[in-house]
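Participant: So you can see what is in the structure, the chains are spelled out below.
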Amino acid sequence: MRVKNQLISWFLIFLAGNNFIFCSDNGPKEKLILANTFPKEEIYFKAVPPIDIDEAGNIYAVGNREQMVFKFNPEGKLLLSFGGYGQGPGELEWPYYFDVNEHIGKVFILDDAGLSLFSEDGKFINRFRVFSPALSVSAALNRIYLLQPTENNLIHEYSYEGKYINSFGDKYRVDYSIYKNMSPRVVDRLINEGSVLSNGDIVFYVSYLIGDICKYNSRGEKLGSRRLSELRGKARNEKIIYHQGLSRNINGTIPIPPRIIQAAQLSGGRLFLLITGYGVYGETEPLSHYEIWRLSVNSLRTELIYVLDLKEIEIEHFCVLSRGNEDTFFISLYDNNQEKNLIGLLKKEGSR
Amino acid sequence: MARFSKLERTLIGLAVLSLLLSLGILIFYYFVGTVEHQLIKMVKQDREYYYNSAIYLISSADTFCRPCAKYDQLKNNPDLRIIFLVEPDFSDTDIENFRRALRIEMNDEVRRMDKAWRRLYLKLNRNRWNFYYNFLIIINRGRIEEIRRF
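Taken in order, these protein sequences are the chains called U and Z. If you want our numbering, it's the position in the first sequence, counting the first as 1, plus 1338. If you want our numbering, it's the position in the second sequence, counting the first as 1, plus 62.
Read the hints as simulated data drawn from the structure, not as lab findings. If you're wondering where the values come from, they're calculated on a predicted model, not measured in any experiment. For each residue, glycine too, the CB sits at the ideal point set by N, CA and C. One or more of the hints may lead you astray.
Said to hold, decoys possible - Interface residues of chain U toward chain Z, partial, derived using beta-carbon atoms under 8 angstroms:
id: 1; residue: GLY1365
id: 2; residue: LYS1367
id: 3; residue: LYS1369
id: 4; residue: ASP1450
id: 5; residue: ALA1451
id: 6; residue: PHE1466
id: 7; residue: PRO1471
id: 8; residue: TYR1498
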C-alpha cells in the first residue's frame, strides 16, 4: 500500500513537472461583474464586434456588418469611426480579425481584400494582400503574425509592408478520411482555430478547440507549451477531432464542436484566456458562465482566475489592459434581455 | 416617285435610315460588341503568344474558397502558356504573396491587367450583385475553348 501511494505521488509530481494539471482550482479566484455597457444610442451593432484596447484605454470595435471601425474612450463615448465598404484604400470589405498595437499606435485589420494598416486616428497607411484567409492577426516590432493553417505551417510572419518573412508552428494533424464531405483545407481551418499573439520577443498560439498554448521565439523556434488538461471540454473535443471526425449536415453546414477557449489576449507581460462554460464544465448548457485565466508569460502557469457569472449574456470577445496588478477588462457581448450587441466594462466585485 | 410628296419622301428616308441604324446597333450588340469578339481581337493582335494559352483574370483569389480553377491540371501541360492577369492595384509584394500562397510556378507569368484586359474583365464580370469574380479563359490553337467563372 505504501509503495502504491509513493508511486502515485511520484506520478503526480511528474505530471505537474510537465504542466499537466488536473485540478481546476489552480489559482486564486476573483469575481468580476458587468459595471457598464455601451454604445447607448449612437450605434447599433448588427453583430457582436471584435474589440481591442490601446495604451490609453481606448476601445476599438470592428463593426463587421457596418464595415467600419469604431473608437470609444474608456467611458464608452464614441471618438471616431473609419473604414466604409469597398476595396479602395482605407475602405473595408467584411473586416473581422484585427489587432491594435498599443506600443506603436497602429491598427491592423484583416478583411476580404487583405490586411490594412491604419493609424490610431483612423488614417489609412497601407494595405497588402495575403491570399490565404487568416484566423487571427497580431502585430509587434515591425512584424505581423498571421494564423494561416497551410500544408506545413500554422503561423506566417510578414513585414508591415506585406513582405513574407517566415513560417513556423505545427498545425494539428488528423486523419482527413474521418471528415465526411470536407476538404483538408476546411478541416485544417476548423481544428486549428485559435489566436496568435505576440509581444515582439515571443509568439503564442492558443488553440480554441483543443486548449493548448504553444510558445515560440521570434525566429519561430518552439520554446514550450502547456496543455490545459484541466479544462473538461478538452477531452470531448479531442475525441471528436482525432477519432470521431465530423460530417456536413444536409444543408451544408458543419457541426463545429464548442470552443473551450473563446478568446485570448496578451497584455502587460501576461497571457489572458477567456474560458467558456463548456471549457469549465464540459457541458454545452452553462453559456453564461465564463472564466478569465491570467497566466504568466514565462512559466505559462495560472496566476489568477477571474470568474464571470453574467446572466443572459454571451461573450464573444474581450480585451484587457494589464498594468502592475491592475487588470481592466472589456468584453463584447450579446445581451439576451435587451437583444443587443454591446461592449461592457468588467469590474471586480465590491470595487468602485 | 412622283406620287410621294417631298415631306413623305423625307419621312420614308428617315424611316429607312433608322431601320438601318437599329440593324447596325443590333449587329454590333450581338456580334461585334461581345466579349468573345473583343477577346478574339485581342488574341489576334498577338496570335503567336496566345496560340495555346490559359489566361486567368484575377480580382481576388485565396487558397481556401477561391483557388485558381484547374491550375493543378493545366500546369502539367508543357505546351500551354499560363498567364495570370491580376488587378492593376496589386503591388509587387501582393504579386509575390500571390505566387507563394497559390503555388504559382516560376515559369508561369503573373502581371497586372493593362487597360484593354481590364475593360474586358469588367465586361465579363457584369453581374447584378456587383461581385468580383475571377475568370479562366482557355485558348486552344488560337480559338477560345472555354471561359470559366470562379
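Participant: Holds or violated: the hint that LYS1369 of chain U contacts chain Z, with Cβ atoms closer than 8 angstroms.
Facilitator: Hint on LYS1369 of chain U: violated, closest Cβ of chain Z at ~41 angstroms, above 8 angstroms.
Participant: Quick check on the hint: ASP1450 of chain U CB to chain Z CB, less than 8 angstroms?
Facilitator: This hint holds: ASP1450 of chain U lies near chain Z, its Cβ roughly 7 angstroms from the closest one there, short of 8 angstroms.
Participant: Against chain Z, is TYR1498 of chain U within 8 angstroms by beta-carbon distance?
Facilitator: Since chain Z brings no Cβ nearer than about 11 angstroms to TYR1498 of chain U, farther than 8 angstroms, the hint is violated.
Participant: Go through the hint on PRO1471 of chain U and say holds or violated, using the shortest Cβ distance to chain Z against 8 angstroms.
Facilitator: Result: holds, 5 angstroms to nearest chain Z Cβ.
Participant: Using Cβ atoms only, decide whether LYS1367 of chain U comes closer than 8 angstroms to chain Z, and label the hint accordingly.
Facilitator: Since chain Z brings no Cβ nearer than about 40 angstroms to LYS1367 of chain U, farther than 8 angstroms, the hint is violated.
Participant: Next item in the hint list is ALA1451 of chain U. Is there a CB on chain Z closer than 8 angstroms to its CB?
Facilitator: Since chain Z brings a Cβ to about 7 angstroms from ALA1451 of chain U, closer than 8 angstroms, the hint holds.
Participant: Do the numbers back the hint for PHE1466 of chain U, that is, is its least Cβ distance to chain Z under 8 angstroms?
Facilitator: holds, 5 angstroms
Participant: Are GLY1365 of chain U and chain Z close enough, Cβ to Cβ, to be under 8 angstroms, as the hint says?
Facilitator: Where the cut-off is 8 angstroms and the nearest Cβ of chain Z is about 38 angstroms from GLY1365 of chain U, the hint is violated.
Figure legend: structure checked against the earlier numbered hints; hints not met, in rising order: 1, 2, 3 and 8.
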